[in-house]
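Spelled out, the chains give:
Number of protein chains: 4
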Amino acid sequence: MRRLDETASGVFVICPTPFTEAGALDEASADRMTDAYLAAGASGLTLLGVMGEAPKLDQEEALRFVRRVLRRVDGRVPVVVGVSAPGFATMRALARGAAEAGAAAVMIAPPAGLRGDDAVVSYVAQAAEACGDIPFVLQDFPLPTGVAISAEMVRRMAAADPRLVMLKAEDWPGLDKITALRRMEAEGRMRRISILSGNGGLFLPFELERGCDGVMTGYAFPEMLVRVRALLAAGRREAAHDLFDAHLPLVRYEHQPGLGLAVRKWVLQRRGIIGSAALRAPAPRLTPETIAEVEWLLARVERKVAALGAG
Amino acid sequence: MRRLDETASGVFVICPTPFTEAGALDEASADRMTDAYLAAGASGLTLLGVMGEAPKLDQEEALRFVRRVLRRVDGRVPVVVGVSAPGFATMRALARGAAEAGAAAVMIAPPAGLRGDDAVVSYVAQAAEACGDIPFVLQDFPLPTGVAISAEMVRRMAAADPRLVMLKAEDWPGLDKITALRRMEAEGRMRRISILSGNGGLFLPFELERGCDGVMTGYAFPEMLVRVRALLAAGRREAAHDLFDAHLPLVRYEHQPGLGLAVRKWVLQRRGIIGSAALRAPAPRLTPETIAEVEWLLARVERKVAALGAG
Amino acid sequence: MRRLDETASGVFVICPTPFTEAGALDEASADRMTDAYLAAGASGLTLLGVMGEAPKLDQEEALRFVRRVLRRVDGRVPVVVGVSAPGFATMRALARGAAEAGAAAVMIAPPAGLRGDDAVVSYVAQAAEACGDIPFVLQDFPLPTGVAISAEMVRRMAAADPRLVMLKAEDWPGLDKITALRRMEAEGRMRRISILSGNGGLFLPFELERGCDGVMTGYAFPEMLVRVRALLAAGRREAAHDLFDAHLPLVRYEHQPGLGLAVRKWVLQRRGIIGSAALRAPAPRLTPETIAEVEWLLARVERKVAALGAG
Amino acid sequence: MRRLDETASGVFVICPTPFTEAGALDEASADRMTDAYLAAGASGLTLLGVMGEAPKLDQEEALRFVRRVLRRVDGRVPVVVGVSAPGFATMRALARGAAEAGAAAVMIAPPAGLRGDDAVVSYVAQAAEACGDIPFVLQDFPLPTGVAISAEMVRRMAAADPRLVMLKAEDWPGLDKITALRRMEAEGRMRRISILSGNGGLFLPFELERGCDGVMTGYAFPEMLVRVRALLAAGRREAAHDLFDAHLPLVRYEHQPGLGLAVRKWVLQRRGIIGSAALRAPAPRLTPETIAEVEWLLARVERKVAALGAG
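Chains as they are written, first to last, in our numbering: chain S, 1 to 311; chain Y, 312 to 622; chain D, 623 to 933; chain U, 934 to 1244.
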């Protein structure tokens, strides 16, 4: 089985969990979404993240969804599975199930309420232990949790556990932390890990320029993320920023906490990628005003991107 | 099947979840503990609360423990099952399992992160809906969650949902809120609900005097709680306070966040009520200094209570 | 003296507090900045907000700065003074000083740590009382404080105190709350107040379209904010969004918590509006990488805006 | 001028700030309180702590109160002045004023919102720098701030700055941290500092036994704290615990967040130590039920202490 390692790069698409209008897991949409993301150029997929409504699934559903996507992917790209849970027993069960289904790695975020650097480092060590013999992605996302992870803490955790192969870097502000980590690696003070940015892609071109190997986010047009990365890799910096900036108004709109996922699912439904924009409760509802704004943004993005030409 | 209602009263003992030294669910101890608590005069039991390490169990273990205790209780007292979970799907599964096993009610605590009164009220309504056709206990415990529940909010929730039959009142300070609720009932502005205090029993005699119907806590000597309540009911106020105050140094020590549960399990093991004081990770460890202090307190409690005489 | 009322509208520029490299209050820059903002079309100025490093000034400095700017403004536009302070005595002293110097209103933000709607409403009532006979702006900015203010709470506070004349609306997401407030006014359930948006202007055109009377923010190019508002008012929606979107990459960059103010001061220094980009401790430092990114963004904004033509 | 150093010990009484019924600073009561605390055996006084309503004073009042008490103390015991403030400019002004008036040290608590060990350590270093050439007490009180300070962080701060002479240890639980610090000192890994416990004295005898040099709290009967310490020093452990436990029901009652200070001032007024129990807004109000409970507790404490004999 293919496992994630520190050379991982590219666009890992955070998958929403598709539900039917009635709220059931929509496995047909899971297949369609998987196909769409691979066609868009995804280098990997991430399931059951914060934006995957993971806490709203029970254990059986979570594993059913993981298995369904993994079967569809069929080894073409690595799949990361979020296993954050309020206790290690649940985390262990999820991680084991994901590993058996063929996941390439699990993703761990230290939960709200941890106080002090040592508590965070120790939590991650215990969580990785609970997950067993599978690589893990450390998620650094302090906005919803209040848990700060410094570059030095990442270094400590990477030194302590070879299973830590990737950082999902979504601190805000976070650009200088990426530079600090890459500098520590360059100076031989830290082993190399893969770093993918997050935060809805809001700072994407700069994050790649600072040293990220890619991005892990669920923006509803992953093909843009793929193309921006390719343009930067080809040395076409202005073109990369032009394309990104054409999408930025929608990226910003989709990045609103809570509401953003509802917007994203609505766009994905409109694009035919999932069958329904339904979220499970608790969830915000899109007002007519919001939908009109999203329509306005979609039309503008399309026009602006068209104006850029084939690139 | 016996269901909890607003007339519930007495001492509901918060049960720890017993583990073996190796960390497995210790079902034999679950039986022994059940017997001990009923022998101590418990009017009810509460499983899978914060002090029951609920988040450290996976779903299967949680329901296995619930079934085991319910079988042992065999209908003699009502059993409340905590179902707080990060999402409604898990909550629904737990509540259904608990109801099928014969639980008298579930307990719901609004989670950290809710902002604004309406968000809290709406969350509780949705959670109760997810739990289905079973009464529920609302837990008001802002210390770990930061979620405030005013007397007025309790009134709103009680008016909106007849399934709300009991409040576990453990705000700190919380005495005036109990008085405010009872006053609203007396003035006909709110239907009556059962109110049990919590907070480790730290303010017990006053809480009962303010109008609580009992207490729901896990102090390692539940027979004291039962006796204090009986003394107050018999009009023997000084004797009630004397007995409570004899235990207060240990009550206070057991009330330390995080560490308290480790102390409590250690005392329960020493009393022969559970087989091992083991906690699942993450958990604090009792230092030799702590153990010596607990021993000192136990000896003093015993001596002071003996000096009070048969009462 | 001119006082703020519920008809206030336009762009209120949040002023940074200029310091010399040595950290002293830079009064000459305060004059220059005042002139620049009025020249840019500001309808008002706001001093000593979160982005004005207010807590880093002692009381004497704060009032000296307020007096200096008010003297320079000389009644041409209304000036709002932030008076948030850890206690009412300090708030009272600041408000009185600001009023005597000619401020049009004070601004109040409920502090972190308030729990429950009633606590927030009661705090604001007491704060307004402490400020005395001067109108006030209510700041709804939950990101740094965790204090949620619902539309209903705004309604209650507006009903209770005629001094509340303006809401600074910077919840995130916050567009639907603006719509909700305007709907309550339209339905006669709430008296009209002025609403200016904030949040660095990140959602500006939509906020104006939802019913905001303007924006109160400190983006380093306030002339853009003025122009976007004029274009929308003239019914030129596409042109308004085009201009805003040309700036959005920099708006987003300046909107980073903590770091953003350092970026903003750097840009203002580069534009010659203030003499030094210095911040008082604690403050982040701009790395060479960050400065290079800001330079890149400035060049792009200039080019994109030029390409839009005179508009 | 006498400065605090790492040999400081004994009972440092946290002074409330006395107000008249009309809310003005009550300087006559400040004198009377000073006399009463010195007569009770205080080894030091602490002004403008959390329990001193410091944020409710403006700068002029704060310094007036400090000067008044220092004049009355007239060098008989060291006086510590809390200077926690939202910014370093205010902190500097307060610290300078306190030093000029003859304070022996200032007290610094890292504020809510700091994230990560390095941020805390760096904040304290900057705060100490702002306070200038005066020793400081580090307050470790995470309950209201959420800021964790590990034993290792205390070691780092003590190593970095010789002005750090005392720790006010009021983490909860906190006993093992005291032991950890004393162990580091014994093993030569850390220089000695004075440690006084806090937390209302709730764990007093154990804190002294763990290695505290005394206690810094404002319990309304400081003579009890002095006596418990003397009994322990004389090797009379049972007598020390007996005396402490006789007060514990009231200690616990006074330790309720927010409400506790109102109770304390009420008791101090009843004892004739201050002229009025008035607090400045925002403040809780004592209900008749609360007052009756405090009366009950006072009567019981008196009786129980009398029963212990002269000791």
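Calculated from the structure, these hints are not laboratory results.
These numbers come from a predicted model, not from an experiment.
Every residue gets a Cβ at the ideal spot worked out from N, C-alpha and C, and that includes glycine.
Among these hints, one or two may not hold up.
Between beta-carbon pairs, the in silico distance windows are [claimed, not checked]: (1) Pro144/S - Asp696/D: 41 to 49 Å; (2) Glu1062/U - Glu860/D: 18 to 26 Å; (3) Asp938/U - Ala283/S: 41 to 49 Å; (4) Pro144/S - Ala808/D: 32 to 40 Å.
Hints versus structure:
At roughly 46 Å, the beta-carbon separation of Pro144/S and Asp696/D lies within the given 41 to 49 Å, and the hint holds. Distance hint for Glu1062/U and Glu860/D: a CB-CB separation of about 53 Å, inconsistent with the stated range 18 to 26 Å. Distance hint check for Asp938/U and Ala283/S: the Cβ-Cβ separation is about 59 Å, which falls outside the suggested range of 41 to 49 Å. At roughly 35 Å, the beta-carbon separation of Pro144/S and Ala808/D lies within the given 32 to 40 Å, and the hint holds.
The structure does not agree with the numbered hints 2, 3 stated previously, though it agrees with the rest.
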